[in-house]
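Engineer: Listed below, chain by chain, are the residues.
Number of protein chains: 2
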Amino acid sequence: MTSSPAKRLVVVGAGPGGFEAALTGAAAGLDVVLIERGKLGGTCLNWGCIPTKHLLAATLAVEGLAAQAKQKLASGTVTVDLAAVQAKKKKLLAATHSAMAATLKKAGIRLVTGNLAGVAPGVAQVAAGTDTEDIPFDALILALGSRAAAFPGVKPDGQAVLGVAPVLDFTTPPESLIIVGAGAIGLEITTIYHRLGTKVTMVDAAPRLAPAEDPDVSKVVAQIMRRLGVDARPGAKVESLVTEDGRAKLTLAGGEVLTAEKALVAIGRFAPTVVPGLAECGAVFADPSPNRAWIKTGDTLQTAPGIYAVGDCNGRVLLAHAAASQGVYAARHAAGQTSAPYAPGPIPGCYYGAPEIMRVGAIAAPGDLISEAAFVANPIAQAHADTAGFARVVWKDGKVAGITAVGHGASTMGTLATVIVSQAWTREQAEALVFPHPGLDETLKAALLGEVKAKA
Amino acid sequence: MTSSPAKRLVVVGAGPGGFEAALTGAAAGLDVVLIERGKLGGTCLNWGCIPTKHLLAATLAVEGLAAQAKQKLASGTVTVDLAAVQAKKKKLLAATHSAMAATLKKAGIRLVTGNLAGVAPGVAQVAAGTDTEDIPFDALILALGSRAAAFPGVKPDGQAVLGVAPVLDFTTPPESLIIVGAGAIGLEITTIYHRLGTKVTMVDAAPRLAPAEDPDVSKVVAQIMRRLGVDARPGAKVESLVTEDGRAKLTLAGGEVLTAEKALVAIGRFAPTVVPGLAECGAVFADPSPNRAWIKTGDTLQTAPGIYAVGDCNGRVLLAHAAASQGVYAARHAAGQTSAPYAPGPIPGCYYGAPEIMRVGAIAAPGDLISEAAFVANPIAQAHADTAGFARVVWKDGKVAGITAVGHGASTMGTLATVIVSQAWTREQAEALVFPHPGLDETLKAALLGEVKAKA
Chain A
1 MTSSPAKRLV VVGAGPGGFE AALTGAAAGL DVVLIERGKL GGTCLNWGCI PTKHLLAATL
61 AVEGLAAQAK QKLASGTVTV DLAAVQAKKK KLLAATHSAM AATLKKAGIR LVTGNLAGVA
121 PGVAQVAAGT DTEDIPFDAL ILALGSRAAA FPGVKPDGQA VLGVAPVLDF TTPPESLIIV
181 GAGAIGLEIT TIYHRLGTKV TMVDAAPRLA PAEDPDVSKV VAQIMRRLGV DARPGAKVES
241 LVTEDGRAKL TLAGGEVLTA EKALVAIGRF APTVVPGLAE CGAVFADPSP NRAWIKTGDT
301 LQTAPGIYAV GDCNGRVLLA HAAASQGVYA ARHAAGQTSA PYAPGPIPGC YYGAPEIMRV
361 GAIAAPGDLI SEAAFVANPI AQAHADTAGF ARVVWKDGKV AGITAVGHGA STMGTLATVI
421 VSQAWTREQA EALVFPHPGL DETLKAALLG EVKAKA
Chain B
1 MTSSPAKRLV VVGAGPGGFE AALTGAAAGL DVVLIERGKL GGTCLNWGCI PTKHLLAATL
61 AVEGLAAQAK QKLASGTVTV DLAAVQAKKK KLLAATHSAM AATLKKAGIR LVTGNLAGVA
121 PGVAQVAAGT DTEDIPFDAL ILALGSRAAA FPGVKPDGQA VLGVAPVLDF TTPPESLIIV
181 GAGAIGLEIT TIYHRLGTKV TMVDAAPRLA PAEDPDVSKV VAQIMRRLGV DARPGAKVES
241 LVTEDGRAKL TLAGGEVLTA EKALVAIGRF APTVVPGLAE CGAVFADPSP NRAWIKTGDT
301 LQTAPGIYAV GDCNGRVLLA HAAASQGVYA ARHAAGQTSA PYAPGPIPGC YYGAPEIMRV
361 GAIAAPGDLI SEAAFVANPI AQAHADTAGF ARVVWKDGKV AGITAVGHGA STMGTLATVI
421 VSQAWTREQA EALVFPHPGL DETLKAALLG EVKAKA
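Going line by line, the protein sequences match chains A and B.
Its first residue numbered 1, the first sequence is counted upward by one per residue in my numbering.
Its first residue numbered 1, the second sequence is counted upward by one per residue in my numbering.
Keep in mind the hints are simulated off the structure, nothing from the lab.
Please note that a few of the clues may not be correct.
Same chains, same names: a pair is fine if it fits in one copy or spans any two.
What the hints assert, rightly or not - The calculated lysine-lysine pairs, modelled on PhoX-like cross-linking and capped at a C-alpha distance of 20 Å, are: (1) Lys399 / Lys90; (2) Lys91 / Lys72; (3) Lys88 / Lys39; (4) Lys53 / Lys72; (5) Lys91 / Lys70; (6) Lys396 / Lys199; (7) Lys70 / Lys90; (8) Lys399 / Lys237.
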């Protein structure tokens, strides 16, 4: 770190990491410049967490009705006006952009619209059109985000093969949609368009859906996909994905060909483009190849003295709340408010599609001690006719080391689970807490108090 | 308490308190007899928490569609088949009864069906039809529950004026329904039947809806009732409520007369009927009048040596999870596993209607230090087009002493809020926790980190 606290802080990127860094820096008395080339809010607000939640909520009644109708408890139709939903989404995002701009202004932060063209020691160069500006800094916080991954033969072509942003902006649902990638993004978008009547086919080269999660979570996801009638194909290697005659044409490794009106590529995230001059300032990268050039950071989130990298661009945890937490820390560290290493505790991760998934801390490996409970006995899950799934606890030395849940409303347990894992609860602590009845959380309680056994 | 641990435990009442007491006693090695006159599960399972949740969930898509339709985001109809929902509810309750009976059997607990006819030192007398049986005990745990309150002129007559149980069993929604009582039960049943198309009129003598909660919560409830088109009348004193010509006829103190197809009396709970011989065994009561004869208990939930009272019947907290917690404690105490006073920490309470309400710990009084945040800025609430309400934190000596929330999904914060209040978090603890984004809990985070000010 710099030997004396920074006075001039430059933050690059106004996503969750950069925005919080700028506000924290200003609150700490620093002179803050925030550089953003596009919209305030980054991927999360504009093409990620938030628009997907709008579309999931706007289509929820379709699934609620379907679940009740399947049990012959209700009948009817719910027709979502996707164009109207998109118009409302735009309005809400615009309102959020305005609110964020006002917050920055109120905090005395200078917002510069432009591209980070290069970095030299103590100077960030911003380009906007043909203009450039050198902005001096004592500390620099890079919150550059990440890019949607693509590979030769599997990348958006702007015709029928698309990235996340245009798919989240559809104003009429496509008749059919191929989704490549069965991670959080692929699963949430599957849920949205399935509810809107689109015939969805999901493929992933990984041997199971939600491949980053507990294998038993993947089984529940597969079960829900079958129930919904989604053609989900884990273990399917894509040979090529192209637009042909205006439609998306997917060729699988075995030769099978699938076509659809549109296709979405959601196969992960690449590191952001390397900033000219950054390496020369001392920054280090995880890997020299351009797509894997995540900015490597140390204990204090610095990649070089006075140069911090927060959020996606450091490749630690690609989640908005992780970015925000790192942004706050980096700004405090730059301002001399803390010198302790960055230690945020466990970071929760949620999927908000059908089914919802929540995980914090360790995933159970074979031989790990676990306890669990199924949602089938939960009265709230029963009432919603949506009882698939479970909560599972991983124990280490008699303390909670990880919690995973999949099923109705599992995402609502995220904060509670984070507290329990971060405090490494014992069984006795769980026993002593009075959980409100009835609640989905009671399945987590049952898991915490369940028989502890070694995972097969 | 008895000088040596009990061997023979008799538990009376198989609601949440008695059921947990019996299982805990059996697990501790006691010889347990459980006496129940009716159905396993008590009020909670049969006529309270659980059936209301089934009906709320079964009708949720109606409200989801209505919220989206109001913003012209969706159109359609959802018609709930109430008879089918009731049939499913019965099936689920029957399955739960069977599962509970199997659990008791597996634990070696003898279940006796009958009425507690009287108590003498060391003996409980059970009557079933014309048979009676004397069951000896070393310790007795009374989990007698409570009765629906009624007053002369305002009580169910079994015709058009009804108690909760028959209203929760309707197989066709009434065209109109008067609900007397704007507490948790009245509000949840208002939500259910409003969604089913019933014209609901709600009256309460208290000056505001949800009178046990923060007055600002009542304002949000009133706002939602207006939005839904429910005729809610706090401050309306009922003079009489009778069946006339097959319809419910309500006369208010001012002389105004309202009629409806049916009326529900949900004006609170009375103590259970006093058990013959209980006073002679040394039990004490909160008040000699029959309706207020809550069984008074000391630090260890005993009302007399070896005689415990848990759950509603002791008048402490009329909530299922409080009863269960007390039942576990009493059985452990009787078995000699604990001698510490009963200290469960804060007990959360939730309302699951529209809007949801959650509260744990202190309610803010004028002059108290509070901080708060509104749901209007929460992206999940925005996505659901349901942004009324707020979360509020009450601070004492720099620590959280109470949390209240009202609004979309507020009940899902119940367990988390209970942890925070029971651990008396500081602002720094809240700041250090990474909340998953986006989530309703983030409004609680914003409240915890909000500006602290004295309540007006």
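Engineer: Hint by hint, say whether it matches the structure.
Structural biologist: Okay, the hints, checked on the actual structure:
For a Cα distance limit of 20 Å, the shortest separation of lysine 399 from lysine 90 qualifies neither inside one copy, at 45 Å, nor across copies, at 40 Å. Taking identical chains as interchangeable, the C-alpha atoms of lysine 91 and lysine 72 lie at most 20 Å apart only when they sit on different chains, with a minimum of 14 Å there against 37 Å within one chain. Proximity of lysine 88 and lysine 39 under a CA criterion of 20 Å is satisfied intra-copy only: 18 Å inside one chain copy versus 50 Å between copies. For the homomeric pair lysine 53 and lysine 72, the shortest alpha-carbon distance between copies (18 Å) is at most 20 Å, but the shortest distance inside one copy (28 Å) is not.
When the C-alpha separation of lysine 91 and lysine 70 is checked against a cutoff of 20 Å, the pair qualifies only between copies, where the shortest distance is 16 Å, while the shortest distance within a copy is 35 Å. When the C-alpha separation of lysine 396 and lysine 199 is checked against a cutoff of 20 Å, the pair qualifies neither within a copy, at 44 Å, nor between copies, at 55 Å. For a Cα distance limit of 20 Å, the shortest separation of lysine 70 from lysine 90 across copies, 18 Å, qualifies, whereas the shortest one inside one copy, 34 Å, does not. Taking CA atoms no more than 20 Å apart as the test, lysine 399 paired with lysine 237 passes in neither setting, with 40 Å inside one copy and 55 Å between copies.
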